Amino acid sequence: MDTQRRLYVWDRIVRGTHWLVALMVFSNWFLLESSTHWHRWAGYAACGLVLARTVWGLAGRGHARFDDWFPTPSRLFPYLRLMLQRKEPRMLGHNPAGAVMMLALWALILALGVSGYLMDTDRYFGEEWLEELHELFSQILMGAVSLHVLAALYESRRHHENLVRSMITGYKRGD
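According to my numbering, numbering within the sequence shown proceeds without interruption in unit steps and concludes at 176.
Please keep in mind that the hints were generated in silico from the structure rather than gathered at the bench. Quick caveat: nothing in here was measured; it's all calculated off a predicted structure. Note that CB positions come from ideal geometry on N, CA and C, so glycine has one too. It cannot be assumed that every hint is accurate.
What the hints assert, rightly or not - Below are the DMTMM-like pairs computed for lysine to aspartate or glutamate, each with C-alpha atoms no more than 20 angstroms apart in a straight line: (1) K88 - E162; (2) K88 - D176; (3) K88 - E156.
Claimed, not checked - DEER-style ranges, computed between Cβ atoms: (4) P74 - R158: 27 to 33 angstroms; (5) A152 - Y172: 18 to 24 angstroms; (6) T73 - W130: 18 to 24 angstroms; (7) R159 - Y45: 35 to 41 angstroms; (8) Y45 - R166: 19 to 25 angstroms; (9) Q5 - F67: 27 to 33 angstroms; (10) F71 - L151: 19 to 25 angstroms; (11) F31 - R62: 33 to 39 angstroms; (12) A108 - R76: 16 to 22 angstroms; (13) S28 - V165: 39 to 45 angstroms; (14) L77 - D12: 22 to 28 angstroms; (15) L85 - F27: 29 to 35 angstroms; (16) G127 - D176: 53 to 59 angstroms.
Could you put the whole structure together from the sequences, leaning on the hints where they help?
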């Protein structure tokens with residue numbers, strides 16, 4: 002029997018937006034043909050979810066709030082120093098390095114949404130530079146997502162805590 006105390010860390014909005022954004026991004030990369038109606042709407046849905054999560058970062062509670070995890074220099078640089086020494090603390094919410102990645106992922110998703118939208122307007126339809134920029138954003142996002150997944154697996158092992166499971170259930174161990 003598991004006697005460890007568990008703490009509720011990730012609320013339904015945090016978990017729901019995380020997994021729905023992941024589904025939209027995965028669908029656009031591997032399931033939906035680019036330049037189709039479904040591809041565009043999955044991209045718009047991902048942007049809407051990122052914006053909803055941004056609002057929740059201002060209005061939500063606990064570890065969902067920006068003031069709990071926003072990677073200020075005074076939080077980020079000491080954490081990175083400790084991380085390089087393999088002495089970084091386990092954190093209940095997002096650690097500062099993970100927060101930087103989260104913001105980068107959100108920015109890339111929004112950039113893809115804007116560039117994708119512009120590609121469908123009269124002014125920019127067929128513009129090769131915009132199509133190439135959109136593709137570049139997609140490739141950078143794929144690399145960032147890969148790094149995000151690898152980091153979550155690494156941190157899970159490093160701190161003896163299944164972070165994927167906690168993003169599903171909302172619970173982390175309470176030590």
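For each hint, the structure was consulted:
1. K88 - E162: 16 angstroms, holds
2. K88 - D176: 18 angstroms, holds
3. K88 - E156: 12 angstroms, holds
4. P74 - R158: 27 to 33 angstroms: 28 angstroms, holds
5. A152 - Y172: 18 to 24 angstroms: 20 angstroms, holds
6. T73 - W130: 18 to 24 angstroms: Between T73 and W130, where Cβ atoms are some 35 angstroms apart, the hint is violated.
7. R159 - Y45: 35 to 41 angstroms: About 36 angstroms separates the Cβ atoms of R159 and Y45, which means 35 to 41 angstroms holds.
8. Y45 - R166: 19 to 25 angstroms: 30 angstroms, violated
9. Q5 - F67: 27 to 33 angstroms: 29 angstroms, holds
10. F71 - L151: 19 to 25 angstroms: Holds: the Cβ-Cβ distance is about 23 angstroms, inside 19 to 25 angstroms.
11. F31 - R62: 33 to 39 angstroms: Holds: the Cβ-Cβ distance is about 35 angstroms, inside 33 to 39 angstroms.
12. A108 - R76: 16 to 22 angstroms: The hint (16 to 22 angstroms, Cβ to Cβ) holds, given that A108 and R76 are roughly 19 angstroms apart.
13. S28 - V165: 39 to 45 angstroms: Since the Cβ atoms of S28 and V165 sit about 19 angstroms apart, the hinted range of 39 to 45 angstroms is violated.
14. L77 - D12: 22 to 28 angstroms: 24 angstroms, holds
15. L85 - F27: 29 to 35 angstroms: 32 angstroms, holds
16. G127 - D176: 53 to 59 angstroms: For G127 and D176 the Cβ distance comes to about 57 angstroms; the hint holds.
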